[in-house]
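Residue numbers (full-length UniProt numbering), protein chains in the order written: chain B, 1 to 260; chain Y, 1 to 260.
Everything labelled a hint here was simulated from the structure, so no lab data went into it.
Note that CB positions come from ideal geometry on N, CA and C, so glycine has one too.
Misleading hints may appear alongside valid ones.
[As the list claims (entries may be wrong)] SDA-like cross-link-like pairs, simulated, lysine to any residue; straight-line CA separation at most 20 Å:
| no. | chain 1 | residue 1 | chain 2 | residue 2 |
| --- | --- | --- | --- | --- |
| 1 | B | Lys211 | B | Glu196 |
| 2 | B | Lys143 | B | Thr200 |
| 3 | B | Lys64 | B | Lys112 |
| 4 | B | Lys241 | Y | Pro89 |
| 5 | B | Lys206 | Y | Lys241 |
| 6 | B | Lys73 | Y | Glu67 |
| 7 | B | Lys241 | Y | Glu88 |
| 8 | B | Lys241 | Y | Asp153 |
| 9 | Y | Lys241 | B | Leu20 |
| 10 | B | Lys59 | B | Lys143 |
| 11 | Y | Lys59 | B | Trp240 |
[Stated by the list, open to error] Calculated from the model, a selection of chain B residues having no Cβ within reach of chain Y, i.e. all distances over 10 Å:
| no. | residue |
| --- | --- |
| 12 | Gly45 |
| 13 | Ser47 |
| 14 | Thr144 |
| 15 | Glu173 |
| 16 | Glu182 |
| 17 | Ser222 |
| 18 | Leu228 |
| 19 | Tyr230 |
If you want the building blocks of each chain, they are given just below.
Number of protein chains: 2
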Amino acid sequence: MMAGYVQDTILLFGDSITQLSTGPGGLAQQLSDVYQRKLDVLNRGFSGYNSRWAIPVFKNVFAKKSEQPNLPKVKLLTIWYGANDAVEPGGPQYVPLEEYSQNLSTLIQLVKSPSSEWYSPETRIIVLTPPPINSAQWAEFLKTLELGLDKSDRTVERTKTYADAVKEVAKKEGVAVVDVFELLWSAAGEREKALERFLTDGLHLKVEGYKLVYDALIESISQNFPELHYDKLQTAYPDWKDLSTENYAGLVKEPLVKRH
Amino acid sequence: MMAGYVQDTILLFGDSITQLSTGPGGLAQQLSDVYQRKLDVLNRGFSGYNSRWAIPVFKNVFAKKSEQPNLPKVKLLTIWYGANDAVEPGGPQYVPLEEYSQNLSTLIQLVKSPSSEWYSPETRIIVLTPPPINSAQWAEFLKTLELGLDKSDRTVERTKTYADAVKEVAKKEGVAVVDVFELLWSAAGEREKALERFLTDGLHLKVEGYKLVYDALIESISQNFPELHYDKLQTAYPDWKDLSTENYAGLVKEPLVKRH
Numbered sequence: 001m002m003a004g005y006v007q008d009t010i011l012l013f014g015d016s017i018t019q020l021s022t023g024p025g026g027l028a029q030q031l032s033d034v035y036q037r038k039l040d041v042l043n044r045g046f047s048g049y050n051s052r053w054a055i056p057v058f059k060n061v062f063a064k065k066s067e068q069p070n071l072p073k074v075k076l077l078t079i080w081y082g083a084n085d086a087v088e089p090g091g092p093q094y095v096p097l098e099e100y101s102q103n104l105s106t107l108i109q110l111v112k113s114p115s116s117e118w119y120s121p122e123t124r125i126i127v128l129t130p131p132p133i134n135s136a137q138w139a140e141f142l143k144t145l146e147l148g149l150d151k152s153d154r155t156v157e158r159t160k161t162y163a164d165a166v167k168e169v170a171k172k173e174g175v176a177v178v179d180v181f182e183l184l185w186s187a188a189g190e191r192e193k194a195l196e197r198f199l200t201d202g203l204h205l206k207v208e209g210y211k212l213v214y215d216a217l218i219e220s221i222s223q224n225f226p227e228l229h230y231d232k233l234q235t236a237y238p239d240w241k242d243l244s245t246e247n248y249a250g251l252v253k254e255p256l257v258k259r260h
Numbered sequence: 001m002m003a004g005y006v007q008d009t010i011l012l013f014g015d016s017i018t019q020l021s022t023g024p025g026g027l028a029q030q031l032s033d034v035y036q037r038k039l040d041v042l043n044r045g046f047s048g049y050n051s052r053w054a055i056p057v058f059k060n061v062f063a064k065k066s067e068q069p070n071l072p073k074v075k076l077l078t079i080w081y082g083a084n085d086a087v088e089p090g091g092p093q094y095v096p097l098e099e100y101s102q103n104l105s106t107l108i109q110l111v112k113s114p115s116s117e118w119y120s121p122e123t124r125i126i127v128l129t130p131p132p133i134n135s136a137q138w139a140e141f142l143k144t145l146e147l148g149l150d151k152s153d154r155t156v157e158r159t160k161t162y163a164d165a166v167k168e169v170a171k172k173e174g175v176a177v178v179d180v181f182e183l184l185w186s187a188a189g190e191r192e193k194a195l196e197r198f199l200t201d202g203l204h205l206k207v208e209g210y211k212l213v214y215d216a217l218i219e220s221i222s223q224n225f226p227e228l229h230y231d232k233l234q235t236a237y238p239d240w241k242d243l244s245t246e247n248y249a250g251l252v253k254e255p256l257v258k259r260h
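Put together the whole structure using the sequences plus the hints.
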């Protein structure tokens with residue numbers, strides 16, 4: 001029986017768009033709030049990383065089969081890469097489209113394949129597509145870095161091809177997908193300029209952007225893994241109103257972490 | 001070598017004032033944000049709980065010595081109870097002042113005593129005093145519950161005696177303390193009415209209240225455990241700019257979680 005403080009988890013694996021989501025209104029913050037006393041939300045976002053660099057990192061941040069019995073279970077894993085893979089060829093973060101698809105399949109298979117050292121059949125997986133880029137806004141941001149970069153190293157068209165690849169991989173691997181690209185692109189009336197409503201710098205999400213992603217993720221959980229919706233999970237430890245000086249001693253005996 | 005995803009942690013142990021702090025601007029949210037890729041912030045707040053009920057819960061949420069080798073280390077533990085203990089005698093949550101002090105000492109000794117099953121010498125401890133109550137505001141809130149409660153079951157004077165007890169226990173046990181009561185009380189000019197600036201309902205904290213607590217907690221970390229200040233901790237995994245297609249393979253070999 002594991003210690004209660006290693007409550008089961010939602011593992012958010014991705015790049016800066018995941019890493020920065022602990023801010024107010026961010027994806028990790030909103031999930032932490034609704035999953036209070038139910039699941040811990042672990043932010044495993046790595047700014048600037050692409051799907052190629054993500055693989056060795058994942059092998060270290062995700063527990064091996066041999067370690068899993070002593071550790072919290074990852075009930076839900078989100079994989080959200082592509083925003084960096086999709087830079088123009090030549091950029092240090094660039095990953096060719098075919099390799100990107102292969103890398104996503106590899107990450108999924110590390111968890112889903114019974115022959116994998118990281119096999120975790122209890123872990124549900126949702127992959128997310130990269131958000132659309134506002135190249136004009138991003139170019140403006142790059143200028144402020146004063147690195148001599150005067151144009152965007154990403155285009156909405158190229159990122160779209162990476163978003164489409166995620167959907168193909170999700171279909172092939174049989175995992176759920178949240179199409180962040182389509183979500184923001186359609187909400188912006190398919191106009192890059194209008195993406196300013198959702199993006200801070202043309203690449204990263206504002207609260208308005210995270211809100212759409214959060215709602216879509218919860219909807220995906222409801223549809224694909226309803227048992228993991230926060231309303232379906234029991235709160236760890238009894239409600240205080242069910243305790244009293246008379247019965248609290250029972251706390252000592254009964255398993256305090258009530259798992260669903 | 002443990003899996004990287006069980007990053008070391010800050011464990012926030014307390015009542016609803018801790019539990020609700022995952023909201024935007026809350027204590028857990030702000031800590032999660034500044035400790036990105038450094039320490040995981042685990043919210044172990046239990047709404048309505050007092051220090052008596054906290055003891056059996058703590059024995060379950062904090063890993064035993066025998067379990068600790070396989071689990072994330074708790075680098076920092078905050079203990080924040082008293083807001084419920086301090087209700088009027090007769091209320092189901094009431095804990096007499098002397099027992100409250102003893103319960104806090106017990107919680108601290110569970111971690112600090114070498115003879116304890118939960119002994120964790122690496123864990124730094126900060127205790128927090130309960131915030132001052134705005135009894136008029138709290139009475140108004142109780143009325144909205146329509147339970148026939150027309151007066152506050154807490155007073156600022158009584159809560160003050162519990163806050164003072166925390167400071168005595170901290171001194172006796174040799175742990176750090178953040179005096180939330182004094183912090184908010186002085187910021188409010190020692191006027192209950194003025195506490196509305198910091199309290200949502202007379203008992204729970206607004207963003208303005210959590211901001212004061214967060215700043216004081218970081219200041220306490222700087223003074224008492226400088227090695228745990230987020231600026232002193234190395235980020236897990238290299239900065240992406242130090243990676244490249246040429247050297248990323250090195251990631252596979254080198255230990256990816258760089259611990260301080």
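Checklist line | Contradicted hints - numbers only | finding: Result: hints 5, 10, 12, 13 break, sorted rising.
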